[in-house]
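Work the whole structure out from these sequences, hints included.
In order, the protein sequence lines correspond to chains A and B.
When the letters of the first sequence are read in order and numbered with the UniProt record's numbering, they come out as residues 1 to 293.
When the letters of the second sequence are read in order and numbered with the UniProt record's numbering, they come out as residues 1 to 293.
Treat the hints as calculated values from the structure; they're not laboratory data.
Honestly, I wouldn't trust all of these hints.
In this list, chains with the same sequence are indistinguishable; a pair is considered to hold if it fits within one copy or across any two.
Below, simulated DSSO-like cross-link-like pairs (lysine-lysine); rule was C-alpha separation at most 30 Å, straight line [stated by the list, open to error]:
#	residue 1	residue 2
1	Lys289	Lys262
2	Lys262	Lys105
3	Lys30	Lys241
4	Lys176	Lys262
5	Lys262	Lys29
6	Lys65	Lys30
7	Lys80	Lys99
8	Lys241	Lys123
9	Lys189	Lys80
10	Lys65	Lys45
11	Lys105	Lys289
12	Lys241	Lys262
13	Lys289	Lys30
There are 2 protein chains.
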Amino acid sequence: MSDTIYDIAIIGGGPAGLSAALTGRIRNKKILLFEHLGFSEKLQKGHTINNYLGIPAVSGQELMKQFADHVLSYSPELVKEKVVNIFPGDGMFTILTSKSTYEAKAVIIATGVVATGLFEGEKDLLGRGVSYCATCDGMLYRDQDVAVISYTREGEHEAEYLAEICRQVYYLPQYKSEFSAMRSNLAIKTVRPRALSNEANAISLATDKENINVGGVFILRQSDPVENLLPGIELEGEVIKVNRDMATSIPGVFAAGDCTGKPWQISRATGEGLVAVLSAISYLDSQAKAAGA
Amino acid sequence: MSDTIYDIAIIGGGPAGLSAALTGRIRNKKILLFEHLGFSEKLQKGHTINNYLGIPAVSGQELMKQFADHVLSYSPELVKEKVVNIFPGDGMFTILTSKSTYEAKAVIIATGVVATGLFEGEKDLLGRGVSYCATCDGMLYRDQDVAVISYTREGEHEAEYLAEICRQVYYLPQYKSEFSAMRSNLAIKTVRPRALSNEANAISLATDKENINVGGVFILRQSDPVENLLPGIELEGEVIKVNRDMATSIPGVFAAGDCTGKPWQISRATGEGLVAVLSAISYLDSQAKAAGA
Numbered sequence: 001m002s003d004t005i006y007d008i009a010i011i012g013g014g015p016a017g018l019s020a021a022l023t024g025r026i027r028n029k030k031i032l033l034f035e036h037l038g039f040s041e042k043l044q045k046g047h048t049i050n051n052y053l054g055i056p057a058v059s060g061q062e063l064m065k066q067f068a069d070h071v072l073s074y075s076p077e078l079v080k081e082k083v084v085n086i087f088p089g090d091g092m093f094t095i096l097t098s099k100s101t102y103e104a105k106a107v108i109i110a111t112g113v114v115a116t117g118l119f120e121g122e123k124d125l126l127g128r129g130v131s132y133c134a135t136c137d138g139m140l141y142r143d144q145d146v147a148v149i150s151y152t153r154e155g156e157h158e159a160e161y162l163a164e165i166c167r168q169v170y171y172l173p174q175y176k177s178e179f180s181a182m183r184s185n186l187a188i189k190t191v192r193p194r195a196l197s198n199e200a201n202a203i204s205l206a207t208d209k210e211n212i213n214v215g216g217v218f219i220l221r222q223s224d225p226v227e228n229l230l231p232g233i234e235l236e237g238e239v240i241k242v243n244r245d246m247a248t249s250i251p252g253v254f255a256a257g258d259c260t261g262k263p264w265q266i267s268r269a270t271g272e273g274l275v276a277v278l279s280a281i282s283y284l285d286s287q288a289k290a291a292g293a
Numbered sequence: 001m002s003d004t005i006y007d008i009a010i011i012g013g014g015p016a017g018l019s020a021a022l023t024g025r026i027r028n029k030k031i032l033l034f035e036h037l038g039f040s041e042k043l044q045k046g047h048t049i050n051n052y053l054g055i056p057a058v059s060g061q062e063l064m065k066q067f068a069d070h071v072l073s074y075s076p077e078l079v080k081e082k083v084v085n086i087f088p089g090d091g092m093f094t095i096l097t098s099k100s101t102y103e104a105k106a107v108i109i110a111t112g113v114v115a116t117g118l119f120e121g122e123k124d125l126l127g128r129g130v131s132y133c134a135t136c137d138g139m140l141y142r143d144q145d146v147a148v149i150s151y152t153r154e155g156e157h158e159a160e161y162l163a164e165i166c167r168q169v170y171y172l173p174q175y176k177s178e179f180s181a182m183r184s185n186l187a188i189k190t191v192r193p194r195a196l197s198n199e200a201n202a203i204s205l206a207t208d209k210e211n212i213n214v215g216g217v218f219i220l221r222q223s224d225p226v227e228n229l230l231p232g233i234e235l236e237g238e239v240i241k242v243n244r245d246m247a248t249s250i251p252g253v254f255a256a257g258d259c260t261g262k263p264w265q266i267s268r269a270t271g272e273g274l275v276a277v278l279s280a281i282s283y284l285d286s287q288a289k290a291a292g293a
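Next comes the structure, spelled out in structure tokens:
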């Protein structure tokens with residue numbers, strides 16, 4: 001656990017999160033920036049971006065590099081860990097990653113496109129056989145069989161960790177994978193999951209090819225469903241509900257970019273990130289005044 | 001009057017208007033871009049801009065040049081005339097400048113920081129002795145005395161025009177002016193206006209130094225009060241009220257950037273311009289469908 005109390009924790013290092021971090025640092029705030037995937041894989045896959053004003057015809061990879069270089073020159077505290085949960089406390093948020101915990105006075109959620117199309121049964125079984133974090137919950141399934149549905153390459157490490165403690169691990173990559181497992185108890189299955197159900201104290205995972213019966217299922221997406229990250233946050237459909245100041249329903253929590261809805265566009269995200277961080281700074285000022293009064 | 005019917009008229013060529021024009025052209029729409037002041041004088045006066053993500057430490061002038069070059073390479077129809085009025089019609093807007101009229105199916109207002117602090121009496125006397133457009137209303141004051149309160153250098157030309165038709169013109173520059181008038185009936189007064197009142201069918205203009213009595217007063221700001229540009233548009237305080245899609249209270253009219261409120265920041269403006277033009281395009285699509293149905 002870090003001893004520092006940060007002013008603002010920014011969850012996600014895509015265009016929205018980076019824009020927030022940039023202006024936050026310029027305004028001299030202690031900024032904690034969580035980015036566990038090397039800065040917006042989605043944007044980096046973009047071929048040519050023509051409509052980011054001032055930088056014509058640039059590849060997604062090059063633009064993302066320019067963005068990251070610009071922000072990192074202002075030295076935010078960069079943490080390459082996935083945020084698993086955010087707990088609101090008394091004027092303070094505790095942020096739990098797969099490895100550690102951090103504290104910040106305000107939070108900006110900039111986690112990108114919201115996971116839609118949860119699997120049938122997923123929501124009901126969350127915490128009762130379904131988990132989004134191997135490091136957090138792996139030990140609950142010690143010596144049992146588990147399945148790992150992963151949308152990112154990062155999931156390969158989590159599967160290998162699970163193979164150390166579980167009896168049998170089925171790894172279901174939902175991306176173009178070249179993963180070959182070293183351990184004999186880690187099997188790769190190229191199947192598409194369909195639904196999850198609870199049968200006789202075990203989870204039955206239906207896929208397009210076979211049913212897999214396990215004690216637990218880990219689902220590893222680029223970003224988890226928002227209501228899981230921060231329970232109680234108000235949604236509008238599937239995205240985070242914000243006002244024009246990018247404030248969410250929870251005081252001290254702001255959101256920006258694709259996680260607040262469409263259009264999914266770079267300059268909308270950078271603009272919202274900027275507004276979110278200025279709103280967060282106003283919030284900090286008002287909290288400081290209230291504490292001093 | 002132009003014969004072309006444009007898809008979208010964008011009023012203002014600062015960051016918001018340029019961002020809207022860029023994505024509008026990329027989406028292959030006929031874009032009419034009104035910019036009468038050489039692209040955001042306000043931004044061009046900025047010393048160093050550090051927080052436009054991806055372009056570190058740039059002068060306002062250089063950044064505005066990069067913005068304008070980027071957009072102009074996509075050839076929007078650039079009109080260097082000040083928009084005086086927008087008239088909503090049947091699925092069509094008529095846009096009146098000081099020189100001509102234009103037609104467009106949708107409008108994006110991106111006129112920058114809204115004029116605040118109108119002079120006492122200004123609102124009441126608008127159209128009854130107070131005007132925002134010399135070219136439009138000059139002839140009403142033929143052979144009379146008039147005053148011109150101007151916040152831009154452009155006002156010097158309007159004052160000279162008025163001196164051709166009026167008896168006496170008092171020019172009150174509210175900027176650092178080096179203007180020296182050629183005509184003997186054009187007098188420059190470095191005073192600060194305070195209030196306007198109607199006295200015996202003439203306008204009495206109170207200033208910090210003297211009272212000036214004239215038949216009419218022209219007030220030339222970088223942008224006019226919004227409710228004058230498009231009567232009936234709903235405001236929120238002094239700025240244009242918009243929703244998260246940047247739609248205003250008038251169908252087919254969108255707004256973006258500083259005219260929708262604070263924070264006055266470049267990337268907020270570019271993001272809003274982008275959202276506004278995508279919303280305008282959706283509006284055009286829905287209108288086309290309704291017409292086809």
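Hint check:
For the identical chains of this complex, lysine 289 and lysine 262 are inter-copy neighbours only, at 22 Å across copies versus 36 Å inside a copy, given an alpha-carbon limit of 30 Å. Both within a single protomer and between protomers do lysine 262 and lysine 105 lie at most 30 Å apart by alpha-carbon distance, with minima of 28 Å and 23 Å respectively. Taking identical chains as interchangeable, the C-alpha atoms of lysine 30 and lysine 241 lie at most 30 Å apart only when both belong to the same chain, with a minimum of 26 Å there against 34 Å between chains. Proximity of lysine 176 to lysine 262 under the C-alpha cut-off of 30 Å is restricted to the intra-copy arrangement: shortest distance 26 Å within a copy versus 44 Å between copies.
With identical chains, the CA atoms of lysine 262 and lysine 29 are at most 30 Å apart both within one copy (29 Å) and between copies (20 Å). When the C-alpha separation of lysine 65 and lysine 30 is checked against a cutoff of 30 Å, the pair qualifies only within one copy, where the shortest distance is 23 Å, while the shortest distance between copies is 33 Å. In this homomeric assembly, lysine 80 and lysine 99 come within 30 Å of each other (Cα to Cα) only inside a single copy, at 10 Å, whereas the closest approach across copies is 58 Å. Proximity of lysine 241 to lysine 123 under the C-alpha cut-off of 30 Å is restricted to the intra-copy arrangement: shortest distance 20 Å within a copy versus 38 Å between copies.
In this assembly of identical chains, lysine 189 and lysine 80 lie within 30 Å of each other by CA distance solely inside one copy; the values are 28 Å within and 63 Å between copies. In this assembly of identical chains, the alpha carbons of lysine 65 and lysine 45 lie at most 30 Å apart whether taken from the same copy (12 Å) or from different copies (29 Å). Only within a single protomer do lysine 105 and lysine 289 lie at most 30 Å apart by alpha-carbon distance; the minimum there is 14 Å, versus 49 Å between protomers. With identical chains, the CA atoms of lysine 241 and lysine 262 are at most 30 Å apart both within one copy (12 Å) and between copies (20 Å).
Taking the shortest alpha-carbon separations for lysine 289 and lysine 30, only the intra-copy value of 18 Å comes in at or below 30 Å, while the best inter-copy value is 51 Å.
Taken one by one, the earlier hints all hold for this structure without exception.
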